[in-house]
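Student: Spelled out from the first residue to the last, the chains are:
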Amino acid sequence: MLSIQNLHAEIDGKVILKGLTLELGAGEIHAIMGPNGAGKSTLAYVLGGRPGYEITEGSVTFQGKDLLDMAPHERAAAGLFLGFQYPVEIPGISNVQFLRTALNAQKKERGEAELSGGAFLKIAREQADGLGLDMDMMKRPVNVGFSGGEKKRNEMVQMGIIDPALAVLDETDSGLDIDALRIVGDGINRIMRKPDKAVLLITHYQRLLDYVRPDFVHVLADGRIVRSGGADLALELERAGYAGIAA
Amino acid sequence: MTLALPTTREEAWRWSDLTALPALATQTPTGTPAAIDPLWIAAEGPRLLFIDGRYAAEHSTPGPVTLGPVAPAGTHPLGTLTAGHDGWTLTVPAGEAIERTIQIVHIATGGANHVPARISLADGASASIVETHAGDGWSNRQTDITLGANAHLTRNVRLMQASGFTSTRETITLAANAHLAATVLAIGDAGTRIDAGITLHGDAARAEYGGALLSRDRQRHDAAIAVRHEALDGVSRQLWRAVADDRATASLAARVEVARGAQKTDGEQSLRGLLLRRTATINLKPELEIFADDVKCAHGATVGELDAEALWYLASRGVPPQAARALLTRAFVGDAFDRIEEEPIRDAFRAAADAWLGAEA
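Protein chains in written order, with my numbering: chain A, 203 to 449; chain B, 29 to 389.
Okay, chain B solo, but in the shape it has when bound:
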């Protein structure tokens, strides 16, 4: 099978580097993952493990999650590659709450793997899902999410593969008063493409989607998020922090569309980049497309370096240069994790960022 991939000539993919994917797609995984235990966050609840895209029942306690074929929605060039593969589904009936956080760990051992998924929360339902990607190879995911009226989904994703590439595509539709709080942390040493299309379909829905991209060496992180307001009184928040060191590139394209009639929309984008070295690159592209006349949309996009005055102040108080840089970088990305409601998960995300900062020479 030949792999038809988007090229950088297409606007939505101009900052992507998919060149490693054709080779990965022809390779065979080794099938022997490194340590899995450290990838679980210390929180009670259902756990699912996928090794090279295959559900590992002996390591899993799936709780309400079911396994089997899932047809991915839409025609996303990477997302559609998950068609025909088995995946997972979480369906929560009206008014029901899944009290404990569902953890899904994906570990890859080379080659390519594709997993489709579906999350459906009926009216008034709630759930929290945290996903972690680790290992090597190309891991490709599409997750289609529908939130009913007053439903609440918390979704936190850590992309921490040691090598290869992780691509995630999400389609998310929110009914009236539904609430999505999603945080993505791209870390580790693999390339990433984080792609999401979020539609606020019912009135007074609230979508928070953001995170942090930490890149080094020749790594490339690339996030493309589009939020579409179709109804009244919608609120969207996109807060992203991108850090690039060495010759890495971190790119963020965040879009807000406000349809005709989506009055009283309140949209906010905060895209900030931090260059740890001048050989690194950060691309920020905030976009607003507004067809309603009574809306409040704010966006800010800035790229900077560590503050030389702050580094000098820290040095004068006895903090060595590398620790000072780590402390200031930590402060810079800190905002991105404030949205995570559950403490063990917030701590795990912060710890992953701290480990990255400590390793940053």
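Just chain A, same shape as in the assembly:
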């Protein structure tokens, strides 16, 4: 599904990723953990194609295609979804309008028929219900006036509507209370735990992994994967801390 080889990336002349290699197969959930400044968010941004990052070495292949050669909107249409750590507020555009525009732009890019307003609203209502977000909120401007938890649930509603092949979720658990954590975790399992999909969960903490059990856990430190293992590795990290593991 996703193959990252020897990836080097920098921003404003500062080298962040220093030879990162990672393979994700279909049907797999991978967690990336690591201390602050290790390059976790940079990895998410580079995969999404955020402007400002320079790739100096390495390659990323997504479903057989060169991901780094695609514009951000083309990556989305190819099946990549990036869950934001800090979802952006957009005054003047409703969630419904935002998502319908996004979904239909993706369909157009793939040469598929666009969805009618009614068909779209049906999907939006199902997904909002699944994440416990009111349809009234979906009619409000994108993330404006939403609490931190509501913004993260809204990211999951978006993921459900867009139905991507690969989700890269950047600290989707931050800012969530225990109940919201379970709702979001259930959402990830329901939408993404399928044989033809994969998830890259970027997180600081073990707690989300209680709800979304990863098949693989990787430790990212100083721009490289320094250790990989099964779900147990997250528990070990929680006990020993990053210092002990990454050393």
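Because the hints were derived from the structure by calculation, they are not lab data.
Worth double-checking, as some hints may not be accurate.
If the Cβ cut is set under 10 Å, some of the chain B residues that face chain A in the computed set are [stated by the list, open to error]:
id	residue
1	A329
2	G332
3	D335
4	W340
5	V347
6	A351
7	R358
Listed next, the in silico EDC-like pairs over lysine to aspartate or glutamate satisfying Cα-Cα at most 20 Å (straight line) [as the list claims (entries may be wrong)]:
id	chain 1	residue 1	chain 2	residue 2
8	A	K353	B	E337
9	A	K341	B	D363
10	A	K309	A	D417
11	B	K324	B	D261
12	A	K353	A	E328
13	A	K396	A	D381
14	A	K341	B	D366
15	A	K324	A	D336
16	A	K353	B	D335
Have a look at the derived ranges for each label pair, beta carbon to beta carbon [said to hold, decoys possible]:
id	chain 1	residue 1	chain 2	residue 2	range
17	A	S318	B	P66	44 to 50 Å
18	A	G334	B	G289	20 to 26 Å
19	B	R305	A	N391	43 to 49 Å
20	A	R415	B	A70	38 to 44 Å
21	B	K313	A	D271	43 to 49 Å
22	A	D336	B	P372	28 to 34 Å
23	A	G334	B	E72	25 to 31 Å
24	A	N238	B	R275	43 to 49 Å
25	B	E124	A	G377	58 to 64 Å
Computed from a predicted model, the values in this text were never measured in an experiment.
Ideal Cβ positions, reconstructed from N, Cα and C, are used throughout, including at glycine.
Let chain A serve as the given structure and place chain B on it in line with the hints.
Tutor: Chain B only, in chain A's frame:
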């Protein structure tokens, strides 16, 4: 006849570009307009068509509007040029309501044309007028409006000429409890000068005057609006959105004057500019002149660019760059049309803005 035009050395005209007008004034219109039908908004009601400033009776159903000479009020340098020309008059007697929206389409085919107009709503009368300017050449208008006590006028104007220049001058006087709701959309590819002087003469009058200026290439839009509060409890709202792309310039000078004794005035100005490219220019000049001590006047003026974070968020969800820019620009100007009460007219104004955004490369 030599044309005496204001120059940019005069403060009220510093952002104007009237340099094309002398040449246009000497040219002869071709007299053959492009398609007229698409310019009508799908709403039932009286319709008047002017071609190069001349009333086209065969295309019109004027309803309560009468045609003939109108003497423009005041000494506005462009407005007075309409003197001696035939124009139109709408007079609505006390307590009467013109139920259906009156549409006036002005289409020009080059050269220059001048039309004076007068709208008089007596006490308790109401009417709604929508005007559309299209075509080429210089179209110059003065409209003098008086609203009696409790009168209500809805006025929406689309300036969408493909080339040339459109200048509009309006004088508006409101008696007690009168209500004006006006929205102007400057679009198309012609230069514009939108000039209005609004006086809240009676107590508790309410004047809403605003709109959107969308400019591109080397286009210049220029609005100069002055609202004068002379009586108690007056409310004024000036909400303008200006967008400039390429090397265009969009300018807004909005003034509120509160006379001595105009206590409890509530004046609000919201002037916002959006630069789609750094080669474009937006000038905002909010002005307050207050001689009463118990008033509430708020004004905000900001110029910005499209939010890079929002563009990235939209891209990450699959929206291509041009569509993302159009969506955010649409959201930016959207406020300006919320005041339009009649749905077909609001839709037509939004559609005109959408068409502009779609064409914006």
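Student: Against this structure, judge whether each hint is valid.
Tutor: Against the structure, the hints:
For B:A329, the interface hint is violated, since its Cβ never comes within 10 Å of a Cβ in chain A; the closest pair sits about 18 Å apart. For B:G332, the suggested interface contact is broken, since its CB lies about 12 Å from the closest CB of chain A, more than 10 Å. At its closest, the beta carbon of B:D335 sits 8 Å from a beta carbon of chain A; the interface hint therefore holds under the 10 Å criterion. A hinted interface residue such as B:W340 counts as satisfied when its beta carbon comes closer than 10 Å to some beta carbon of chain A; here the least separation is about 6 Å, so the hint holds.
This hint holds: B:V347 has a C-beta 5 Å from the nearest C-beta of chain A, less than the 10 Å allowed. With a cut of 10 Å, the hint placing B:A351 at the interface with chain A holds, because the nearest CB-to-CB distance is about 6 Å. With 10 Å as the threshold, the beta carbon of B:R358 comes within range of chain A, its nearest partner Cβ sitting at about 8 Å, so the hint holds. Taking the CA atoms of A:K353 and B:E337, the gap is near 15 Å; set against the 20 Å cutoff, the hint holds.
For the given pair, A:K341 sits about 17 Å from B:D363 by alpha-carbon distance, which is consistent with the 20 Å threshold. The straight-line distance between the Cα atoms of A:K309 and A:D417 is roughly 31 Å, outside the 20 Å bound, and the hint therefore fails. Between B:K324 and B:D261, the direct Cα distance comes to roughly 10 Å. Compliance with the 20 Å bound is thereby established for this hinted pair. Only pairs whose Cα atoms come within 20 Å are accepted, and A:K353 paired with A:E328 is accepted, the gap being roughly 18 Å.
Distance restraint check for A:K396 and A:D381: the Cα-Cα separation of roughly 24 Å exceeds the 20 Å cut-off, and the hinted pair is therefore not satisfied. Annotation: proposed proximity of A:K341 to B:D366 holds, straight-line Cα distance about 17 Å (limit 20 Å). At most 20 Å may separate the alpha-carbon atoms for a hinted pair to count; A:K324 and A:D336 meet this at roughly 13 Å. Taking the CA atoms of A:K353 and B:D335, the gap is near 19 Å; set against the 20 Å cutoff, the hint holds.
At about 26 Å, the CB distance of A:S318 to B:P66 disagrees with the hint of 44 to 50 Å. Between A:G334 and B:G289 the CB atoms are about 57 Å apart, so this pair departs from the stated range of 20 to 26 Å. Separation of B:R305 from A:N391 is about 46 Å and conforms to the stated range, judged on CB atoms against 43 to 49 Å. In this structure the supplied range 38 to 44 Å is violated for A:R415 paired with B:A70, their Cβ-Cβ distance being about 58 Å.
Restraint check, B:K313 to A:D271: a C-beta distance of roughly 48 Å satisfies the suggested window 43 to 49 Å. A hinted range of 28 to 34 Å holds for the C-beta pair A:D336 and B:P372, which are about 32 Å apart. Here the CB-CB span from A:G334 to B:E72 is close to 47 Å, at odds with the stated 25 to 31 Å. At about 45 Å, the beta-carbon gap between A:N238 and B:R275 stays in the expected band of 43 to 49 Å.
At about 60 Å, the CB distance of B:E124 to A:G377 agrees with the hint of 58 to 64 Å.
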